[in-house]
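S.K.: Once you've looked at the hints, dock chain X against the given chain R.
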Amino acid sequence: MGVSRWLNRVWSLVTTHYTSHVVDPEAEKEFLHLTHKAIKEVTADLERFHFNTMLASLMEFSNYLSKVKESGVVSGFLWGEAISYFLLLLAPSAPHLTEELWNRTGHPYSIHNQSWPEYDEELAKEEEITLASISEVEAKELALSQERVKAYIDDKKLTRVIYVPKRVVNIVVAS
Amino acid sequence: MAQKYNPREIENKWQQRWAADHIYEVGEDSNRPKFYALTMFPYTSGDLHIGHWYAMAPSDVYARFKRMRGYNVLHPMGFDAFGLPAENAAISHGIHPYDWTMRNIENMRRQLKSMGATYDWNREVITCLPGYYKWTQWFFLKFYHAGLAYRAKAPVNWCPRCQTVLANEQVVGEGFCERCSTPVTKRELEQWFFRITKYAEELLDHSRLDWPERIKIMQKNWVGKSEGAEISFWLEHEGVEQKEIRVFTTRPDTIFGVTFFILAPEHPLVSKLTTPEHKAEVDEYIVWCRRQTEYERVALGREKTGAFLGSYVVNPVSGESVPIWIADYVLPTYGTGAVMAVPAHDERDLEFAKKFKLPVRTVIAPHGWTGEELTEAYAGTGTMVNSGKFSGLSSEQGYEAICALLEEKGWGKQKVIYRLRDWLISRQRYWGAPIPIIYCDKCGIVPVPEEDLPVMLPPNAEFKPTGESPLKYCQSFVNTTCPKCSGPAQRETDTMDTFMCSSWYFLRYTSPKTRSTSFNASKVKYWLPVDLYTGGAEHAVMHLFYARFFIKALKDMRLVDFDEPFTPLTNMWLSWELMPFVDISCLLVPGSWGGNGMIGALWASAAG
Numbered sequence: 781m782g783v784s785r786w787l788n789r790v791w792s793l794v795t796t797h798y799t800s801h802v803v804d805p806e807a808e809k810e811f812l813h814l815t816h817k818a819i820k821e822v823t824a825d826l827e828r829f830h831f832n833t834m835l836a837s838l839m840e841f842s843n844y845l846s847k848v849k850e851s852g853v854v855s856g857f858l859w860g861e862a863i864s865y866f867l868l869l870l871a872p873s874a875p876h877l878t879e880e881l882w883n884r885t886g887h888p889y890s891i892h893n894q895s896w897p898e899y900d901e902e903l904a905k906e907e908e909i910t911l912a913s914i915s916e917v918e919a920k921e922l923a924l925s926q927e928r929v930k931a932y933i934d935d936k937k938l939t940r941v942i943y944v945p946k947r948v949v950n951i952v953v954a955s
Numbered sequence: 004m005a006q007k008y009n010p011r012e013i014e015n016k017w018q019q020r021w022a023a024d025h026i027y028e029v030g031e032d033s034n035r036p037k038f039y040a041l042t043m044f045p046y047t048s049g050d051l052h053i054g055h056w057y058a059m060a061p062s063d064v065y066a067r068f069k070r071m072r073g074y075n076v077l078h079p080m081g082f083d084a085f086g087l088p089a090e091n092a093a094i095s096h097g098i099h100p101y102d103w104t105m106r107n108i109e110n111m112r113r114q115l116k117s118m119g120a121t122y123d124w125n126r127e128v129i130t131c132l133p134g135y136y137k138w139t140q141w142f143f144l145k146f147y148h149a150g151l152a153y154r155a156k157a158p159v160n161w162c163p164r165c166q167t168v169l170a171n172e173q174v175v176g177e178g179f180c181e182r183c184s185t186p187v188t189k190r191e192l193e194q195w196f197f198r199i200t201k202y203a204e205e206l207l208d209h210s211r212l213d214w215p216e217r218i219k220i221m222q223k224n225w226v227g228k229s230e231g232a233e234i235s236f237w238l239e240h241e242g243v244e245q246k247e248i249r250v251f252t253t254r255p256d257t258i259f260g261v262t263f264f265i266l267a268p269e270h271p272l273v274s275k276l277t278t279p280e281h282k283a284e285v286d287e288y289i290v291w292c293r294r295q296t297e298y299e300r301v302a303l304g305r306e307k308t309g310a311f312l313g314s315y316v317v318n319p320v321s322g323e324s325v326p327i328w329i330a331d332y333v334l335p336t337y338g339t340g341a342v343m344a345v346p347a348h349d350e351r352d353l354e355f356a357k358k359f360k361l362p363v364r365t366v367i368a369p370h371g372w373t374g375e376e377l378t379e380a381y382a383g384t385g386t387m388v389n390s391g392k393f394s395g396l397s398s399e400q401g402y403e404a405i406c407a408l409l410e411e412k413g414w415g416k417q418k419v420i421y422r423l424r425d426w427l428i429s430r431q432r433y434w435g436a437p438i439p440i441i442y443c444d445k446c447g448i449v450p451v452p453e454e455d456l457p458v459m460l461p462p463n464a465e466f467k468p469t470g471e472s473p474l475k476y477c478q479s480f481v482n483t484t485c486p487k488c489s490g491p492a493q494r495e496t497d498t499m500d501t502f503m504c505s506s507w508y509f510l511r512y513t514s515p516k517t518r519s520t521s522f523n524a525s526k527v528k529y530w531l532p533v534d535l536y537t538g539g540a541e542h543a544v545m546h547l548f549y550a551r552f553f554i555k556a557l558k559d560m561r562l563v564d565f566d567e568p569f570t571p572l573t574n575m576w577l578s579w580e581l582m583p584f585v586d587i588s589c590l591l592v593p594g595s596w597g598g599n600g601m602i603g604a605l606w607a608s609a610a611g
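Residue numbers (the working numbering), protein chains in the order written: chain R, 781 to 955; chain X, 4 to 611.
Just chain R, with the same shape it has in the complex (with noise of 0.2 angstroms):
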C-alpha cells in the first residue's frame, strides 16, 4: 500500500467511531500484545533510524486495529488506549496529522509535548508460533507476505528463496 492511501486509512480509522460488539478475553490479550510489540518495535526502530521497518511495523499495527475494528471485539477503553499509542508513536514522522488527530479525540495540546509511550515487557513478548503442518510453498508464500519483510525487499528483484523445512525461510534479493 502506497503511504499516502494509508494515511487516509489511519485518518479514519482514528476519525470514525469505534463499537464494541463481543469483548473477548483471548482477542483482547492478543489486543494487549500486539500493541506492545508495536511500541517495542516502533521505539527500537527508532533508536537505530530504521524507518523503514519502523513504517512496516506502524503499517501492521494500524492493519490489525481495522480488524479489530470491524469485529469490536476489544473493549472500547483498550481502543481508546490503543489508538493513543498509535498516535503516539506516528507523531514524530507525520507530526501535522497526529496533531490533528490527537486533538480530534479529545487529549490535550500538544501530542509533541507527551511522552513517549512505555511498553510492557511480558506483553510484548513474542509467541513461538508452530509451523508443523505446513508446506514449502505455504511457508514461503507466507514469508513474503509479512509486511516487516516486505520491507526489506520493497521492489527488489528476488534472486532465491531457500526453505529449511522446519526452521528457516531464507530470501535473497538484487540489490
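Hints may be right or wrong, so weigh each one.
Straight line, CA to CA, 20 angstroms or less: simulated SDA-like cross-link-like pairs of lysine to any residue [said to hold, decoys possible]:
| # | chain 1 | residue 1 | chain 2 | residue 2 |
| --- | --- | --- | --- | --- |
| 1 | X | Lys156 | X | Tyr442 |
| 2 | X | Lys392 | X | Ala380 |
| 3 | X | Lys137 | X | Pro457 |
| 4 | R | Lys820 | X | Arg72 |
| 5 | X | Lys16 | R | Pro888 |
| 6 | X | Lys7 | R | Arg785 |
| 7 | R | Lys849 | R | Leu787 |
| 8 | X | Lys116 | R | Ser890 |
| 9 | X | Lys219 | X | Asp208 |
| 10 | X | Lys7 | R | Ser792 |
| 11 | R | Lys820 | X | Leu192 |
| 12 | X | Lys7 | R | Ser895 |
| 13 | X | Lys16 | R | His797 |
| 14 | X | Lys37 | R | Arg928 |
| 15 | X | Lys7 | R | Gly886 |
| 16 | X | Lys7 | R | Lys820 |
| 17 | X | Lys16 | R | His887 |
| 18 | X | Lys189 | X | Gln295 |
| 19 | X | Lys156 | X | Leu192 |
| 20 | X | Lys37 | R | Trp896 |
| 21 | X | Lys307 | X | Lys357 |
| 22 | X | Lys16 | R | Tyr889 |
| 23 | X | Lys16 | R | Leu787 |
| 24 | X | Lys116 | R | His892 |
| 25 | X | Lys7 | R | Ser842 |
| 26 | X | Lys16 | R | Lys820 |
| 27 | X | Lys16 | R | Trp896 |
| 28 | X | Lys7 | R | His797 |
| 29 | X | Lys37 | R | Arg828 |
No lab work stands behind these hints: they were computed from the structure.
M.R.: What follows is chain X alone, placed relative to chain R:
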C-alpha cells in the same frame, strides 16, 4: 460522515499554533538530559531541494522522538550565507550579493517552516551578517595570536573563469574548478594560511570517533601520511652555493638503485643547474608544464615527459654520480619537490627510464629471484642485492641500517611527511568576511585590535571579478590608520574561505544573540558535543575536517574544554548512507511541498 484528511489545511493550522506557542524553543535545563541534533546548515542558493530533505527529515523525526523520551532537544537551523556562488549569481543577475542572499534566505526559511520541523527559529544564525562574521574575524585573530595563521607566497590553484584561488579540496576530477568546471591552473600569490598540518597527527586519530569507516578513510587519505627518510644528495655545481638537495623517500632501502634524479619543473634550483647547452630544451619543457593540471601530471600510465638539465648529483651512500632531470610527475608541493628515481622499484620511475633510456638496477630481490631482469617495477619487500655491504639484508633490516647510516653521517634522517597542506583561507573575492589585518609601512603586519571588530564589508564595493580582490579598489575600505603607530596604513583586501564560517556555527547556536562573545562558554558546555549530525556526504572531508581542526585549536587556546566537536557518541548520518534503501519515487514531503503530509521523507513504501 467524518471530514476527509486534508494535509494542507492541517499543516498550516498547526504550524501557526506551534509557532505562536513557541513549543520548539528550548533553553538549558539541568534537570533533563540534553540532546543536540545538528543538521548541516544549507548554503543560500535559493531553493531547498530533495537533498536538503534527506539531511533534514531524519534529524527532525529523531529530534521529536528524543523530545518525547524526555530529552531537552536543541535542533537549530541557520544559513551558510557567504561564498562564491552568491557572488557569481549576483553578478549574472545584476543584484547585490547581500540582497540576493537575504532574499534567498527568506524563501528558504519559508520553505523550511513549511516542513513543520522542530527548529528553534530563535537561534537562527546567518553567517554573512556582521553580528556573526565579527566573531569569524575574532577567531582569525585568535588563530593569528596562537601562531596558527601565517602569510606566505605559494603556488595556488587558480580558476581563470571565477578569477579566484581555489583550495585543493575545491579542485575536483581531473583538475577542474568545483564551481564552474573550468580547468584549474597555478599562480603565485601572497596568502593567509592556517597551520592545519600542525594537527595532522591528531586529525588522523579517529580512535575515539565512532564514525562510518568510509568517512574515516576519506579523512585518512586526505592527511596522506608517509613514513620514510629524508636524504641529502651532494651537489657540486659551479655558481651554485647550495651543496645538497634533499629528497624524501619511503624506501631508503632502495638507495643503491638510484640511477637518476628528478626535480619538479618549478624547483628553485632548476635554472641554476641547467647547463647552457640544455637551456633551450629545459625552458620549453617548463612552459609546457605550466599548462598541465596537477591531476594530469600525476596520472598513472600517462606517457612520461621530461628534460635533462646537464648536471649531476652524488648519491651519498653509494658515492655514485647520477644525472638530474626535471619531470612534471614530480610535484613541487609534495615532499621536497625532488625525487631519487629508483626505476627497478617504482612504476613511474621505470616508465621514465624506459622512455629516456636510463639504466635500471635491481636492488631488492623478490623471493626466489634468480638474477633475471624484472619486467615490471617491483615495489614489494625482499632481499637487498647490488647494495654494497648491505647486500643480503632483508629490505626491513636494510631500511633500518640505511637510516642509521644516514643519521650517523649526517646525510639524512627518518621523517614523516603528509599530503595534507596548510589551509589556505584567503579568497580574492568580495562576498566573505574581510581578513582583519592591517599592513603598515612602519609596523608591518598588524592585526586589527579585537575592540575594532567587525571589519565591516563595505556595501558599495565593485565586486565584479578582475583577478584581484574587489576590496582593493574600494579606497574608503583600504585606507586606514595603523592601530600601533597611527600612521597611514592599508587593510588586507582578501576575504576568508567560507569554511571558516561553518567551522564554528554549531557553537554559535548555543548563544546566537550574544554580543559580547563568540559563544557563551557555559551554554557550550551544556549543549556540546553534538549528539546527532546529519548532512551531505560531500562534506565528509572538508567541513568535518576543518571543524575538527578548529575545535582542537580552540581547545589548545583553552576556549573550549573538548577536542572533538562531533564525538564518540555523535551519530553521523550522511546522506549517501541513506541512498541504498531509499526509493526516491516513494518519498513523502509535506502537503505544501506537494506531498502528503508525512515528514519522515525517508522510507520507501512497504508494499508498493
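S.K.: Next step is simple, just say for each hint if it's right about the structure.
M.R.: We went through each hint and held it up to the structure:
no., hint, in the structure
1, Lys156/X x Tyr442/X, "holds (16 angstroms)"
2, Lys392/X x Ala380/X, "violated (23 angstroms)"
3, Lys137/X x Pro457/X, "holds (4 angstroms)"
4, Lys820/R x Arg72/X, "holds (14 angstroms)"
5, Lys16/X x Pro888/R, "holds (16 angstroms)"
6, Lys7/X x Arg785/R, "holds (12 angstroms)"
7, Lys849/R x Leu787/R, "holds (17 angstroms)"
8, Lys116/X x Ser890/R, "holds (18 angstroms)"
9, Lys219/X x Asp208/X, "holds (9 angstroms)"
10, Lys7/X x Ser792/R, "holds (8 angstroms)"
11, Lys820/R x Leu192/X, "violated (61 angstroms)"
12, Lys7/X x Ser895/R, "violated (28 angstroms)"
13, Lys16/X x His797/R, "violated (24 angstroms)"
14, Lys37/X x Arg928/R, "violated (33 angstroms)"
15, Lys7/X x Gly886/R, "holds (18 angstroms)"
16, Lys7/X x Lys820/R, "violated (31 angstroms)"
17, Lys16/X x His887/R, "holds (17 angstroms)"
18, Lys189/X x Gln295/X, "holds (9 angstroms)"
19, Lys156/X x Leu192/X, "holds (5 angstroms)"
20, Lys37/X x Trp896/R, "holds (16 angstroms)"
21, Lys307/X x Lys357/X, "holds (9 angstroms)"
22, Lys16/X x Tyr889/R, "holds (13 angstroms)"
23, Lys16/X x Leu787/R, "holds (18 angstroms)"
24, Lys116/X x His892/R, "holds (17 angstroms)"
25, Lys7/X x Ser842/R, "holds (18 angstroms)"
26, Lys16/X x Lys820/R, "violated (32 angstroms)"
27, Lys16/X x Trp896/R, "violated (24 angstroms)"
28, Lys7/X x His797/R, "holds (15 angstroms)"
29, Lys37/X x Arg828/R, "holds (19 angstroms)"
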